[in-house]
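Visitor: The residues making up each chain are set out below.
There are 4 protein chains.
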Amino acid sequence: MSSIFGNKLKVSIFGESHGKAIGVVLDGLPSGIELDLDFINREMSRRQPGKSVFSTPRKEKDEFEILSGYFQGRSTGTPLCAIIFNRDCKSQDYDELKNLLRPGHADYTGFIKYNKFNDYRGGGHFSGRLTAPLVLAGAVAKHVLKSRNILIASHIKSIHDICDESFDSTNIDEGVLTKLRNSDFPVLDNRVGQKMQKRILDAKNEMDSVGGIIETIIVNLPPGLGFPFFDGVESRLAHALFSIPAVKGVEFGEGFNITKLRGSQANDEFVLDGDKIKTSTNHNGGILGGITTGMPIVFRVAIKPTPSIGVSQKTVDIYNMQEATIAVKGRHDPCIVPRAVPAVEAVSALVILDLMLEREGEYGLSGNFEKPNR
Amino acid sequence: MSSIFGNKLKVSIFGESHGKAIGVVLDGLPSGIELDLDFINREMSRRQPGKSVFSTPRKEKDEFEILSGYFQGRSTGTPLCAIIFNRDCKSQDYDELKNLLRPGHADYTGFIKYNKFNDYRGGGHFSGRLTAPLVLAGAVAKHVLKSRNILIASHIKSIHDICDESFDSTNIDEGVLTKLRNSDFPVLDNRVGQKMQKRILDAKNEMDSVGGIIETIIVNLPPGLGFPFFDGVESRLAHALFSIPAVKGVEFGEGFNITKLRGSQANDEFVLDGDKIKTSTNHNGGILGGITTGMPIVFRVAIKPTPSIGVSQKTVDIYNMQEATIAVKGRHDPCIVPRAVPAVEAVSALVILDLMLEREGEYGLSGNFEKPNR
Amino acid sequence: MSSIFGNKLKVSIFGESHGKAIGVVLDGLPSGIELDLDFINREMSRRQPGKSVFSTPRKEKDEFEILSGYFQGRSTGTPLCAIIFNRDCKSQDYDELKNLLRPGHADYTGFIKYNKFNDYRGGGHFSGRLTAPLVLAGAVAKHVLKSRNILIASHIKSIHDICDESFDSTNIDEGVLTKLRNSDFPVLDNRVGQKMQKRILDAKNEMDSVGGIIETIIVNLPPGLGFPFFDGVESRLAHALFSIPAVKGVEFGEGFNITKLRGSQANDEFVLDGDKIKTSTNHNGGILGGITTGMPIVFRVAIKPTPSIGVSQKTVDIYNMQEATIAVKGRHDPCIVPRAVPAVEAVSALVILDLMLEREGEYGLSGNFEKPNR
Amino acid sequence: MSSIFGNKLKVSIFGESHGKAIGVVLDGLPSGIELDLDFINREMSRRQPGKSVFSTPRKEKDEFEILSGYFQGRSTGTPLCAIIFNRDCKSQDYDELKNLLRPGHADYTGFIKYNKFNDYRGGGHFSGRLTAPLVLAGAVAKHVLKSRNILIASHIKSIHDICDESFDSTNIDEGVLTKLRNSDFPVLDNRVGQKMQKRILDAKNEMDSVGGIIETIIVNLPPGLGFPFFDGVESRLAHALFSIPAVKGVEFGEGFNITKLRGSQANDEFVLDGDKIKTSTNHNGGILGGITTGMPIVFRVAIKPTPSIGVSQKTVDIYNMQEATIAVKGRHDPCIVPRAVPAVEAVSALVILDLMLEREGEYGLSGNFEKPNR
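Chains as they are written, first to last, in the working numbering: chain B, 21 to 394; chain E, 21 to 394; chain G, 21 to 394; chain S, 21 to 394.
Derived by calculation from the structure, the hints in this document are not laboratory data. Treat the hints with caution; some may be incorrect.
Intra- or inter-copy, both count: the list cannot distinguish identical chains.
To be verified - Distance condition first, Cα-Cα at most 16 Å in a straight line; then the derived EDC-like pairs of lysine to aspartate or glutamate:
1. LYS298 - ASP337
2. LYS40 - GLU85
3. LYS166 - GLU54
4. LYS166 - ASP204
5. LYS349 - ASP295
6. LYS166 - GLU194
Here chain B stands alone, though its shape is the one from the complex (with noise of 0.2 Å):
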């Protein structure tokens, strides 16, 4: 009931922070995909810690293991699951913490919905590192799509109140598009990206955080993708996004801007290019009624600030019921957007998949069809 999405391709993931293992079963990928290990362990590593000095040291490898779905190097059909083992975990960090609730977390709400049964250790099945296994999938989605020209690139929109320039959704040049692909703390204006990773250092030094916004956008989508109400687009991909952790809002296109423009500005007009049609704007962010004009998909997401902050906050000891105080020490990234950039890219592509999945059918996106090396 909770850990499980999506229509004709299902996501399930599983796993604490400290357990012996995460992982994700992805059910009703296409047969005959020929994975790329290489481009998943790229993907993982834009997600992984322990990199640089705007994240935390803890340095998980995060390898994974395919554990069925996948024979000859192609996927077979049937499910396909992948575990990380989880290896550097300190758990003596969290041990002293382990009654007292840490401020902007999960703690207390796990503590309550299980009984206090959860595994409280590093935040358990609440943690950020089950975004691993989601980037692991996500990274098999958009290798499916992109052998539709079907791409996802973001950028950094802005961390606390240094913001970078906002997409140009009618005009791609697939180039920029690329350039973010492979960047580490992907800007459109590198100078104020140099300004964004001085503010995360600044809070670092305090023993703050920062947040921050992700812009993202989908190319080349066909019209069509979707539904109206409860299976559209936005709902799907909101739904996806806020399972996120850290995640506070969405929006889509002009979003909470488009309340400031009359009608007449909001309006995306029809044209014709050639035999296709067109918006001359796009303001809805390529999406009309839940469904796909074909325009790009552009939104955006807010990320709070990092909860686990060396600063003293009070909080309450829910074994002793008392208020107490706490400062987090453990390793802690002191901003994670740069890090959410390929979870939020991970849970878009596999939406977007399904969707696909679910216009087209089982055949369409299966691997080629020349005969295996039997």
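The hints should help you fit chains E, G and S onto chain B, whose structure is shown.
Guide: Using the frame of chain B, we list chains E, G and S on its own:
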């Protein structure tokens, strides 16, 4: 695949704006609920058009008829179907537009999605009119929640660039909530409300439209509702909210603004209030790790300006594949925000009731056990 | 949670035997399907009561009204809702029985399940009358399948201990299937059919009832429909078939009899028929590993004797918690088997169409692409 | 779309017979359940091959490893993943057969379904070996049900044409049920059991195989579990049972035999037993209208003879599209029935626990509330 929503309580809507009838099936409603038909009618009249200068003069009576699941004044526990016959349809208003794609509407995406077999009259199934059965179902859900003292209220946070105050989500004044629930134009500051109404009339006079933001609060929730990841409360509420036509953004608690706070500011500290655990602030909007904390849930929803405007716009004649211009006459709201308020509350009530049923099972929320009058 | 079925094509039924109306919502039907209303009426008349001495004299006209999802003679692709108003209800027949649990019926379980708030008149939502909207939906599904030459036919395999021949599921005579589909009492051997009818009349004369077995065949299926394990064709068909009131057993191919064969007899050998792979026998009923082989699907369904009988039986008065006796007067079928045939075919057609849509996507089964007459 | 089952308790299986590992994810298990690892091992050993002359000499140890959802000896409430590594695989046994479709197996349908990219070794994902993780999950479910005194037991009703007695489903002797649960070859009449074993050995000696029928009983159920129509107990049990490889028929209560009774014989009369309502007979197998009556659920499952036999059979070489002959060597069970018993019980336990959770909510079945030893 499109018009069904919910886990334990399933809501299914059907109908087209100018078809015979629109309606809803509610499957999974507990038995024995004494329906308050007056309350349902009041909720529906909040959504109803034709009441004021701010909304379309189309006068639908929106009288509903319960076809099933209702016996001797109470829910039976089996599917409740209610329908609303369409009466005041002027389909000819749409006949001259039928080949012209209305900018900002789903005419184009519906045409592509359904291979041109969509009912184009008045937007067909994509019409905002489909929120009427949602409001009906939501009224039933609100009624059940009220038996647990769970209340939902909203105000218009902004129209165009005119802003109301925000809810205080730590100290709730239930009197204010009651006042808002009985208002046709709910605002916290009435002088701001008057400015908003003038702004709407100005847009109307210029044959244009405006949008705005709705802020909603849900109080007296138990802690522990929801799930980590894909069935988180934010995921499920956002999913439902984005299914309402014209919604382009959803944010919880501080929302996008939380990205401008530091962790030490954004975290809600835990405190004891007698033997209860609360948070001293509520920047996270009552949800941590996808699960309710017991603090009020607060969220905001961005509603775009009504796409149907009298101002002339460029478009495409989809049958002749020629560029054209369009000015939508018909009868339209210069601002849909006030009528969207009950729809926002309705889907929220349905999601919360569904979560309650998952948590407590079927019996927990059933009607009382007095012997019915056989 | 109870009355919705299907993955890509969702069927939702609602209503009570003596309520205002019963109906069905079909969500996920491809667009552009030209509905054959005569065919739907013919299918419904196969299920209709009051036609012969073998069935209840209750004369429901079962006229349906399509409320949505249907425009200019074709499906729109959005939810199709159809309702059937209840007319010839004699609720007073049930008033004197309302506290007496009818043996073999759901009176007791419905009372417990819904905390005594169930509509007890005529079985309420549990009534066999709810198969009318199923037959309606099934007629639409059959019509779509026919465009792919997929045909469904049935015969009455047995009534009480009188048995008809079995289908030859390797060499199909489509002429026989057509004859069966147009018969009110479909049997392969007409002399056996006459004996069956006499057996039903004998039971009727003694105020008792009999049951029987229905054998169904589905021909011209493509191989490759279905899934391993939980979405296997047998699982999904059996799920749907057991939802028909009075069904107590389902078996595929040789069914229970296969347990009396050795492996060397039960296995269906593969042979080449031109460039096609077939099996020389069909003991597995066209399904291996949950997936269609391309051979006809064959299954049998056990229908219990109608529980409503005039013979006096022991029971309990649920309101006064006293033992009592009951003799059900009302108007009842001495044998429900002939009227169950179209229900069995209907749910089968819905399952097969759902599987086709999952395999081929939304476009594959849409109506043709001629320009509608705008 | 294929390998996930359940509403509130979702079971997802993955893996291939000769891949790295097979496993299961259980999502929705209540928290605080003290797992009895010995009991799980005992259940798994009931399914395990290599124990006797009646089963394949393949010696899988079937040691499982719980990766998640398990902390300090109890379930956490978050997804429980357990895997079983594949060890004793002799894939070369399959190499020479890889192009030859084994009659009665899913080799052909898996090839078509997955565009020839299926893992063909040992049946891949279609292998009966996938029932091992099901038995594991079922052992957990049985353990939870036992805390409510709900017990599941089975006996081998027949092997080939040798039949055991039937359960008396109105007067339960729980001692008999305990004896059956601890037997490797559970029968009510031991002399019949010996004849059955001889029949299996005879088939083995002739390189052939036999099938049989399993009869299962579930006792001490509360009345009111289940739903009318599509979520009926029969529908959900049958769905799960038909997902077990080799199952070709399922019947409840009197099953197919009920068609040979008259209504006056088939109806179960209601009687009072103190303040409880019971039925004096149980021809309906404890289910009326899809909902439990509180009487034991009784059903029978037909298991076909093992398709892998040493006898030579006709088949097709799928790669060269030529007719051929095949004699399956490998290591196979001459009769799968005894090893199918725990699988039948496992899926039944999972369905019943799911229904209990839907009825009682998450708290009802959670472990006790003692403070864990933090």
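Visitor: Each hint: holds or not?
Guide: Hint by hint, here is what the structure shows:
1. When the C-alpha separation of LYS298 and ASP337 is checked against a cutoff of 16 Å, the pair qualifies only between copies, where the shortest distance is 13 Å, while the shortest distance within a copy is 58 Å.
2. Within a single copy, LYS40 and GLU85 get their C-alpha atoms as close as 13 Å, and across copies as close as 9 Å, so both meet the 16 Å cut-off.
3. In this assembly of identical chains, the alpha carbons of LYS166 and GLU54 lie at most 16 Å apart only when taken from the same copy (12 Å versus 37 Å across copies).
4. Taking the shortest Cα distances, LYS166 and ASP204 never come within 16 Å of each other, neither inside one copy (21 Å) nor across copies (49 Å).
5. Proximity of LYS349 to ASP295 under the C-alpha cut-off of 16 Å is found in neither arrangement, the shortest distances being 60 Å within a copy and 28 Å between copies.
6. In this homomeric assembly, LYS166 and GLU194 come within 16 Å of each other (Cα to Cα) only inside a single copy, at 13 Å, whereas the closest approach across copies is 46 Å.
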